[in-house]
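2 protein chains.
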Amino acid sequence: MNTPDKERNTVTKRDLATRVRLAIKPDVKLHQAQVADVISHTLDAIRDALVNGNTVELRNFGVFKIEVRKERVGRNPKDPSVDIRIPERKVVKFRSGKEMKNQLEAAASTDT
Amino acid sequence: MNTPDKERNTVTKRDLATRVRLAIKPDVKLHQAQVADVISHTLDAIRDALVNGNTVELRNFGVFKIEVRKERVGRNPKDPSVDIRIPERKVVKFRSGKEMKNQLEAAASTDT
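As you go down the protein sequences, you meet chains A and B in turn.
Note that my numbering numbers the first sequence so that position 81 is 90, with each residue one more than the last.
Note that my numbering numbers the second sequence so that position 30 is 39, with each residue one more than the last.
It is possible that some hints are incorrect.
In this list, chains with the same sequence are indistinguishable; a pair is considered to hold if it fits within one copy or across any two.
Stated by the list, open to error - Simulated pairs of lysine to aspartate or glutamate, EDC-like, Cα-Cα distance not exceeding 16 angstroms: (1) K110 / D57; (2) K79 / D57; (3) K22 / D53; (4) K74 / D53; (5) K107 / D57; (6) K102 / E76; (7) K79 / E97; (8) K99 / D57; (9) K107 / D88; (10) K34 / E114.
Rather than coming from a laboratory, the hints here were simulated on the basis of the structure.
Taking the hints into account, I'd like the entire structure generated from these sequences.
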């Protein structure tokens, strides 16, 4: 695909708002600010759901879930004689959905 | 927090649309369908950006980027004598932002 995206840029929330406004059906009249507002609130809603212990399952996109990293003992490379207790912590894991995987595979095979 | 979320449910795109519509300022009059439409297009736009090799950096939320898993040789556990070539593939990695990490940490400490 010869899109400008091929330059491997960073896409931000503002870029998404522009793309979404252009992609959306023309009869759905939405201003850029409304789109940006919905995007921000959507990300907040995903974050809140995760923080409250939920899994967020978005069809055609992927699944966000919380995983617990158990407490472990690490070492300071500058002073390896001292053990450092790294407490248990929660991390967000994202697993891409089938649609995204298929598209990545298709993109990879046209690259070569 | 005594939200119903504490039951550790799965949150879907439809749930997000409801939550976003309720969270958004009341003077921004948007129908549920419009919100759902923006959410779907946003997820599509993130996916397209990733498939085209971009990094997607969403402030207060996190960063999506593509990582390449190199080709490797695996084994069929049922017939370990045969090597299986697992071709190079691209995967989506998500790293949560500072805001999300802080909130997860705060939620973890109120759990105990």
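Requested in this report: Classify it for me, K34 with E114: is the Cα-Cα distance of at most 16 angstroms met within a copy, between copies, both or neither?
Outcome: neither (28 angstroms within a copy, 40 angstroms between copies)
**Report entry** Intra- versus inter-copy proximity for D57 and K107 (alpha-carbon distance at most 16 angstroms)
**Finding:** Intra 25 angstroms, inter 14 angstroms, cutoff 16 angstroms: inter-copy only.
Query raised in the report: When no copy is specified for K102 and E76, does a C-alpha distance of 16 angstroms or less occur within a copy, between copies, both, or neither?
Result: For K102 and E76, both the intra-copy (7 angstroms) and inter-copy (15 angstroms) Cα distances are at most 16 angstroms.
**Report entry** Intra/inter-copy verdict for K79 and E97 if alpha-carbon distance must be at most 16 angstroms
**Finding:** Cα proximity of K79 and E97: one copy only (5 angstroms, versus 30 angstroms across).
Query raised in the report: Which holds for K79 with D57 at a C-alpha limit of 16 angstroms: within a copy, between copies, both or neither?
Result: So K79 and D57 fail the 16 angstroms test inside a copy (22 angstroms) and across (35 angstroms) alike.
Requested in this report: Can you give me the call for K107 and D88, within, between, both or neither, at a CA distance of at most 16 angstroms?
Outcome: neither (46 angstroms within a copy, 28 angstroms between copies)
**Report entry** Homomeric proximity label, K110 with D57: Cα distance no greater than 16 angstroms
**Finding:** For K110 and D57, the Cα distance is within 16 angstroms only across copies (12 angstroms; inside one copy 26 angstroms).
Query raised in the report: For K22 vs D53, is the C-alpha pair at or below 16 angstroms within one copy, between two copies, both, or neither?
Result: both (12 angstroms within a copy, 13 angstroms between copies)
Query raised in the report: Checking K99 and D57: alpha-carbon separation at most 16 angstroms within a copy, between copies, both or neither?
Result: Within one copy only: 14 angstroms inside a chain, 29 angstroms across chains, cut-off 16 angstroms.
Query - K74 and D53: within-copy, between-copy, both or neither at 16 angstroms Cα - result: within (15 angstroms within a copy, 20 angstroms between copies)
Of the numbered hints given earlier, the model fails hints 2, 9 and 10; all others are met.
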